[in-house]
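Asker: Listed below, chain by chain, are the residues.
There are 4 protein chains.
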Amino acid sequence: MAEQTASGDFATIRETIRTFVDERDWDQFHTPKNLSSALCVEAAELLEHFQWLQTGSREELGAAKLEQVRHEMADVLVYLVRLADKLDVDLNAAVSEKMVLNRAKYPADKVRGDARKYDEYKDYKGT
Amino acid sequence: MAEQTASGDFATIRETIRTFVDERDWDQFHTPKNLSSALCVEAAELLEHFQWLQTGSREELGAAKLEQVRHEMADVLVYLVRLADKLDVDLNAAVSEKMVLNRAKYPADKVRGDARKYDEYKDYKGT
Amino acid sequence: MAEQTASGDFATIRETIRTFVDERDWDQFHTPKNLSSALCVEAAELLEHFQWLQTGSREELGAAKLEQVRHEMADVLVYLVRLADKLDVDLNAAVSEKMVLNRAKYPADKVRGDARKYDEYKDYKGT
Amino acid sequence: MAEQTASGDFATIRETIRTFVDERDWDQFHTPKNLSSALCVEAAELLEHFQWLQTGSREELGAAKLEQVRHEMADVLVYLVRLADKLDVDLNAAVSEKMVLNRAKYPADKVRGDARKYDEYKDYKGT
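Chains as they are written, first to last, in our numbering: chain A, 1 to 127; chain B, 1 to 127; chain C, 1 to 127; chain D, 1 to 127.
Simulated from the structure, these hints should not be mistaken for laboratory data. Bear in mind that the values here come from a model prediction, so they are computed numbers and not experimental data. Among the hints, erroneous ones may be present.
The list cannot tell twin chains apart, which means a pair is met if one copy fits it or any two copies do.
As the list claims (entries may be wrong) - Here are the simulated lysine-lysine pairs, DSS-like style, with alpha carbons at most 30 Å apart: (1) Lys98 - Lys86; (2) Lys98 - Lys110; (3) Lys110 - Lys86.
Whole structure, please, built from the sequences with the hints as guidance.
Answerer: Following this line, the structure appears as structure tokens:
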């Protein structure tokens, strides 16, 4: 199967996860619904490290917390790539498509450098 | 700077976002703290599509919802790659490191194919 | 101040939290922004207990997990009541207002007992 | 049944939701698992209003955003009370129990007014 031998960051991670999951027979738990829950939980664990900080810069985090943050980011990515695998979604294509929509929704000359406008535009986004 | 000309899925997405943000002068809003919030919000928007479904398979989602799901997945990825850029995190390395920890934490021969054990092991994970 | 002597579940919890926070001089960290992050993190910790289960009924959870779930529910409530305190929001009034909107948005005779319609209406809700 | 006639903020909200759900025959979708997802989604929608703000004070929010925030807070509360109803959890008792644990975990004389210590203690919490 050509796809499985494809190179690229996502393909490599996808294969690593497939092997990990198959070795544990955990595919049975990996419905898209469950994976999207797990992704949300990991994103919140990432957020937790920042919630009482000012900006969460590398300096403010410090080395120990930064390592934990890196691992939470990995967890988020693992579940995202796994979900993409189960739903047969091409992440690179999805980002390309979405960025076209974003450029149309937030025209640079209208929203440039204005926090208020940025925020209002976020509202229009209706996300 | 060598990194900026690096190929790969993440490097390509990172450059696309940098251009998008710079054109809008939005870097000022992109503290790691704010980006981790935005990532969490997008992950929840993704989850929302699945919350009342049975499993969220492609068939159950249907074409229209699947397109929305693809775009929410793109949003999650965009904020994750942007956060990695701001914290100077190598996502491929982070996943490699984390998978080593996961393999040690969930030994295949102990957790294989057992929902109860899977769940208990998740508890031990303390996430 | 009349409000502080008001009875009711929310007023009681609010006073308990005020005392707890004041004893620790933690009010300085409790911006609405930070509290809404903390609330989201606790909601995700609650979700985590259910993510690999079928329905999460009392029977499926078991006594030990149910106790953890109760504590996560308490954490969510504590941050919600604290946020309401800082923003001077009357939670009972907010629910009453929102339920009027919900009744208008989901007319009982149109959405009754139909998963598909329920879901479509959720989409219209744009939440 | 004595409980149903009980007064109190939670009992009143619980009865309002029961009526709303029964009129729409939506109880079938309200597994604890689904409700905890919905709760998490609403908490993230609440967070979204704050994610690009400085502190999210009433002044920074403004009247229009504050109204949206109030409604998101109502949504969070509705799902929390509904989940408590389905799992037969007494929210007042849960908060009382959890606050006993919190007082033991964060002794006032050790953590008072120190952001760094606050944060470290949060880490110990293992949330």
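Asker: Does each hint fit the structure? Answer for all of them.
Answerer: Here is how each hint holds up against the structure:
Proximity of Lys98 to Lys86 under the C-alpha cut-off of 30 Å is found in both arrangements, the shortest distances being 20 Å within a copy and 21 Å between copies. For a Cα distance limit of 30 Å, the shortest separation of Lys98 from Lys110 inside one copy, 19 Å, qualifies, whereas the shortest one across copies, 34 Å, does not. In this assembly of identical chains, Lys110 and Lys86 lie within 30 Å of each other by CA distance solely across copies; the values are 25 Å between and 39 Å within a copy.
Hint compliance for this structure: every hint is met.
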